[in-house]
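In my numbering, the protein residues as written are 1 to 265.
Everything labelled a hint here was simulated from the structure, so no lab data went into it.
The reader is advised that the hints may include incorrect statements.
[Claimed, not checked] For each label pair, taking beta carbons as the anchor points, the in silico distance ranges come out as:
{"#": "1", "residue 1": "I181", "residue 2": "A56", "range": "25 to 31 angstroms"}
{"#": "2", "residue 1": "R231", "residue 2": "R108", "range": "24 to 30 angstroms"}
{"#": "3", "residue 1": "I40", "residue 2": "Y212", "range": "20 to 26 angstroms"}
{"#": "4", "residue 1": "R26", "residue 2": "T201", "range": "42 to 48 angstroms"}
Yeah, the Cβ is synthetic: ideal placement off N, Cα and C, and Gly gets one too.
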Amino acid sequence: MMVADNPTALARVRQRLRVLAALIIRETSARFGRSWGGYIWAIAEPTGGIVLLSVAFSVITHVPPRGTSFMYFYASGFVPFMMYNSIANVTMHAIRTNRGLLTYPVVRPLDTVISRATLEMMTHFVVALIIFPSIAWYDGVRTDLNPGLLVTAFVLAFALGTGVGTLNAVLIGFFPTWQNIWGVLTRPLFIVSGILFDFDTLPTYLRDILWYNPVAHVIAEARYGLYGVERGAFVSLPYAFGIAMALFLIGAFLLRQNESHLLQQ
């Protein structure tokens, strides 16, 4: 029976949406507060990273790997990476930081994960809307955007970050030291995900190795969209989305099965 034809199922869906909306509003207030400081920092953090990368590499080489602007090139990799990384980080701590709210029967652990991921995605989407036009204006970049690829990259960053964060939220509940281990294991991601180089210029053997990193697909897709070119052969949406969905489904299943244990930690 369709959800629309089932009043009970429809009521549950509406309840979940209300809970998610309330949690997003609460998270927004907790993160940004009543001052402009939080909003300014959300823009200043990626902007500072982009400027530092641009200055450093402009000294080493006078031509960016793609296009004519160092800032635009590094922003095209840094912003989507920050979106994925921030979503993965905030969602893995969602249960621990919202344990007080989880005493209410209407709030489920997965609600806290999804609400945090949604807020983080919206925040970085707004940051992207500010940063890319600003850099294009400042550096005189002329590009014909491919909005479809750009939106796909942001959706993929959201899906992958949420999947990683959901599974890690469970693992941290059982093994608190996993948080430190994960931080060490993923430190090279900044280098091997394509922020500093263009995948299309890499040797085939190296590109084939980096292909297995799903975050690299996020950055490549965003870069194709921002430079207005067709999707290259490097990006495989079935692979990247498949990894994201597998991580999320496994994490959500383990979260549901071990809910009582996780809430007691």
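Going through the hints against the structure:
1. I181 <-> A56: 25 to 31 angstroms: The hinted range 25 to 31 angstroms holds for I181 and A56, with Cβ atoms some 30 angstroms apart.
2. R231 <-> R108: 24 to 30 angstroms: Given range 24 to 30 angstroms: violated, Cβ gap about 37 angstroms.
3. I40 <-> Y212: 20 to 26 angstroms: Check failed, 38 angstroms falls outside 20 to 26 angstroms.
4. R26 <-> T201: 42 to 48 angstroms: 45 angstroms, holds
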